[in-house]
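Protein chains: 2
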Amino acid sequence: MINIYELNKISKPALDRIKNRSQNDIDKVKSKVEEIITSIRTKGDSALVQFTKEWDDPEFSFPRLTVTKADIREAYNNTGKEIIEKVKEQISLARTFHETQRQQIRDWEKETERGIIVGEKWTAVDKVGLYVPGGKNPFPTVQQILAVAAKTAGCNRIISCISPKGKNYEVLIAANECGIEEIYRVSGAQAIAAMAYGTETISAVDLIAGPGNPYVTAAKILCQAKVAIDMPAGPSEIVILADASTSSGFDLNTKAKYCAADLLAQVEHGPDSAGIVLTDSKDLAQLIKSEIEKQFQRLSRQNYVKAAISTYSAILIAPSLTESIDFINDYAPEHLEILTENPKTILKLINNAGSVFLGHYNPVAVGDYATGINHCLPTCGWARRSSPVGTWTFMKRVQYSHINQSGLNRLQPIVKTISQVEGLDAHQRSVDLRFEKEKVHVS
Amino acid sequence: MINIYELNKISKPALDRIKNRSQNDIDKVKSKVEEIITSIRTKGDSALVQFTKEWDDPEFSFPRLTVTKADIREAYNNTGKEIIEKVKEQISLARTFHETQRQQIRDWEKETERGIIVGEKWTAVDKVGLYVPGGKNPFPTVQQILAVAAKTAGCNRIISCISPKGKNYEVLIAANECGIEEIYRVSGAQAIAAMAYGTETISAVDLIAGPGNPYVTAAKILCQAKVAIDMPAGPSEIVILADASTSSGFDLNTKAKYCAADLLAQVEHGPDSAGIVLTDSKDLAQLIKSEIEKQFQRLSRQNYVKAAISTYSAILIAPSLTESIDFINDYAPEHLEILTENPKTILKLINNAGSVFLGHYNPVAVGDYATGINHCLPTCGWARRSSPVGTWTFMKRVQYSHINQSGLNRLQPIVKTISQVEGLDAHQRSVDLRFEKEKVHVS
Numbered sequence: 000m001i002n003i004y005e006l007n008k009i010s011k012p013a014l015d016r017i018k019n020r021s022q023n024d025i026d027k028v029k030s031k032v033e034e035i036i037t038s039i040r041t042k043g044d045s046a047l048v049q050f051t052k053e054w055d056d057p058e059f060s061f062p063r064l065t066v067t068k069a070d071i072r073e074a075y076n077n078t079g080k081e082i083i084e085k086v087k088e089q090i091s092l093a094r095t096f097h098e099t100q101r102q103q104i105r106d107w108e109k110e111t112e113r114g115i116i117v118g119e120k121w122t123a124v125d126k127v128g129l130y131v132p133g134g135k136n137p138f139p140t141v142q143q144i145l146a147v148a149a150k151t152a153g154c155n156r157i158i159s160c161i162s163p164k165g166k167n168y169e170v171l172i173a174a175n176e177c178g179i180e181e182i183y184r185v186s187g188a189q190a191i192a193a194m195a196y197g198t199e200t201i202s203a204v205d206l207i208a209g210p211g212n213p214y215v216t217a218a219k220i221l222c223q224a225k226v227a228i229d230m231p232a233g234p235s236e237i238v239i240l241a242d243a244s245t246s247s248g249f250d251l252n253t254k255a256k257y258c259a260a261d262l263l264a265q266v267e268h269g270p271d272s273a274g275i276v277l278t279d280s281k282d283l284a285q286l287i288k289s290e291i292e293k294q295f296q297r298l299s300r301q302n303y304v305k306a307a308i309s310t311y312s313a314i315l316i317a318p319s320l321t322e323s324i325d326f327i328n329d330y331a332p333e334h335l336e337i338l339t340e341n342p343k344t345i346l347k348l349i350n351n352a353g354s355v356f357l358g359h360y361n362p363v364a365v366g367d368y369a370t371g372i373n374h375c376l377p378t379c380g381w382a383r384r385s386s387p388v389g390t391w392t393f394m395k396r397v398q399y400s401h402i403n404q405s406g407l408n409r410l411q412p413i414v415k416t417i418s419q420v421e422g423l424d425a426h427q428r429s430v431d432l433r434f435e436k437e438k439v440h441v442s
Numbered sequence: 000m001i002n003i004y005e006l007n008k009i010s011k012p013a014l015d016r017i018k019n020r021s022q023n024d025i026d027k028v029k030s031k032v033e034e035i036i037t038s039i040r041t042k043g044d045s046a047l048v049q050f051t052k053e054w055d056d057p058e059f060s061f062p063r064l065t066v067t068k069a070d071i072r073e074a075y076n077n078t079g080k081e082i083i084e085k086v087k088e089q090i091s092l093a094r095t096f097h098e099t100q101r102q103q104i105r106d107w108e109k110e111t112e113r114g115i116i117v118g119e120k121w122t123a124v125d126k127v128g129l130y131v132p133g134g135k136n137p138f139p140t141v142q143q144i145l146a147v148a149a150k151t152a153g154c155n156r157i158i159s160c161i162s163p164k165g166k167n168y169e170v171l172i173a174a175n176e177c178g179i180e181e182i183y184r185v186s187g188a189q190a191i192a193a194m195a196y197g198t199e200t201i202s203a204v205d206l207i208a209g210p211g212n213p214y215v216t217a218a219k220i221l222c223q224a225k226v227a228i229d230m231p232a233g234p235s236e237i238v239i240l241a242d243a244s245t246s247s248g249f250d251l252n253t254k255a256k257y258c259a260a261d262l263l264a265q266v267e268h269g270p271d272s273a274g275i276v277l278t279d280s281k282d283l284a285q286l287i288k289s290e291i292e293k294q295f296q297r298l299s300r301q302n303y304v305k306a307a308i309s310t311y312s313a314i315l316i317a318p319s320l321t322e323s324i325d326f327i328n329d330y331a332p333e334h335l336e337i338l339t340e341n342p343k344t345i346l347k348l349i350n351n352a353g354s355v356f357l358g359h360y361n362p363v364a365v366g367d368y369a370t371g372i373n374h375c376l377p378t379c380g381w382a383r384r385s386s387p388v389g390t391w392t393f394m395k396r397v398q399y400s401h402i403n404q405s406g407l408n409r410l411q412p413i414v415k416t417i418s419q420v421e422g423l424d425a426h427q428r429s430v431d432l433r434f435e436k437e438k439v440h441v442s
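Quick note, the sequences are listed as chains A and B, same order.
Each residue of the first sequence is one higher than the one before, counting from 0 in numbering that gives the first Met the number 0.
Each residue of the second sequence is one higher than the one before, counting from 0 in numbering that gives the first Met the number 0.
Some hints could be false.
Heads up, the list lumps identical chains together, so a pair's fine if it works in one copy or across two of them.
Stated by the list, open to error - The calculated BS3-like cross-link candidates involving lysine-lysine, where the alpha carbons are at most 27 Å apart (straight line), are: (1) Lys42 x Lys27; (2) Lys135 x Lys281; (3) Lys11 x Lys135; (4) Lys8 x Lys281; (5) Lys42 x Lys29; (6) Lys68 x Lys27; (7) Lys120 x Lys347; (8) Lys109 x Lys120.
Source of the hints: derived by calculation from the structure; they are not laboratory data.
Source: prediction; values computed, not measured.
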């Protein structure tokens, strides 16, 4: 079912297939998505309704576009207390994480030389749009984690686009518990285009965040002349680094069970998902392979799992830790689990990864649902240049300087010489005329 | 030459023209740029050479693509000591600013509940590409400010694409002083495509930063499925907020001189540039208008200035400070100068701006050339959602968690309930099997 390869013997095509995995190649859907964007820009709401009828719900009509207070009440009335309680707990844990992030985001100021003060202050993006994908099931977890991040940043207007399919009660509850008051039932590229360019009902936002299918990702990429995005998001992926050490009290059989379960949990997301185990132990590799085959039998989403395992997944036996770390930094996994003796020592060597899970009691699933960390993460190697969604995503810096006469006096010769090189004489003049009268001013 | 409007009486078309200014509408150049990108992806270096011969230098040939050590020596041998000295001073001041930024970027870790540790560490983007635009003159200032930011972040491989036109000695010196060892002579959309997708000579990077013309901006936007970018950069712009207070020792005539000079310095960048003055004083407005007309006579780039002033520039008389602040936050200027009594009080109210210049002795030009702050800034209203380029631009967060048995035990019920809602049973199983044996482990 899953292949075992030795990292220093694997064929180039096999290694390339694993490393490249399912890329965000938008070429296949690009022209269709461009059509959708043009329709939304020219026809607004009526195009939104038409697309939604066509692709999501034949019964859809304009009044369904906007979620009402009555819809929210209906959601609470039809959802079990246990679920509502657990959504609230998710939000509470997410707030702790994102508020701690917020505390790291600090204004600063420094006098670098006499009369030259520089600094930066952080402000929230004013209007943001959250994209919450839908499927056969509702995804309240995505709704709450995006909303908590944006709320913690202090965004003024936060809107949410949720799936028009099904009831999505849990998503509505998650949105409401986070204080999101503007929710629309629209999905796909049309939702992204509406948030980017605005329609009669949905007014445009400054930034869009949230994962989606290839159409959504293509729309996010194609609307970037108008709107900022969190990142292009692709299929989910995991790399698990496990060694054969048993000093932490876990025998090889137990380790194999955990590795298999965590890999399977990742690839149940879809047929394009990727699950990689890296180990220096041939024994552990074999045990994990057997465990995957065994545990697979119990799962409900076997089609997805089967496809994902046979395409982009593998167990890789690395000659040593060094090769494993090199592979990880090159692969830049969305999720990285470290099931070794001293996981924190290894964390120090990791440069490129979205979210790292240390310890044997820390499967990705607990991070997805409960730890409070953000699970909207860079995929497809984007961890080489992007960060997880977080409070930072919804904030930005305003740089400033404050210079007095003595500071400008110190800098004037640089401006003079370099503005001549660059041929910008009005630049030079704007500095020089400050010294035309020898009059001392205060500020 | 420049129009004066009262902010509460201005016609909607005039206000819209001013507020919208020259947008980054890539539609006009998109199909041409897509062709260029495809050529680079399919033909590599040979397309680079062909485009460069066609558009930049008919004498260009493949060996000119890569800057050599001999080229660097030639640059030093043919450049005056004064210029070299001033470039070094620019770099030194830029380092102070960007290293102070670097000190704000801190790893953190927190135990949020017993057995649940979360944290983040910052790492540098490994491979980055800097785009240094060229024109009639060389722009060493852009080269050094981008290079200092990337170097301070700790990027491993930093490449620079500079204009193939002219000698660009000062740019080569700036690059060399910053420790950039990989420099290519290629510009326009073809440079962006080469850095994004790679050619035989230029290997692909993870992130591209730097300003450019509409072709460069379009290429940056269109390559975002493959590469991250700093932001789409458009024509330069300034908003100057000035009041009639004279308590800081500046009379109205002096203020008017400064405002006019700083506005002219901004609009000499190009015919699409924008210069706006906001004031509550009709007298000051008139004086600034006269000063602009007077100072204009002395400038060398009169064509650019004339076009820019008559299209997107204006002097706006606001009824009060509140309306001025609202205008600024809506406009989100690249540069904002505050020439009022208590500029720091006003800074507190500014949410959307790239770089803010406080005080009468702080023209934008000194920030461009000497203060050490970054002058690659969000234009066209992108300050609503983007930050100036800086050390942050070249870094990213790796999120992590470390959970032990008691922590997972606390979170298990949330995973159970929510994974059922979302229909992901392998997620639940990966948590549950950690509790199948009641054996206490260490980590």
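Which hints, by number, does the structure contradict?
-> Structure breaks hints 2, 3 and 6.
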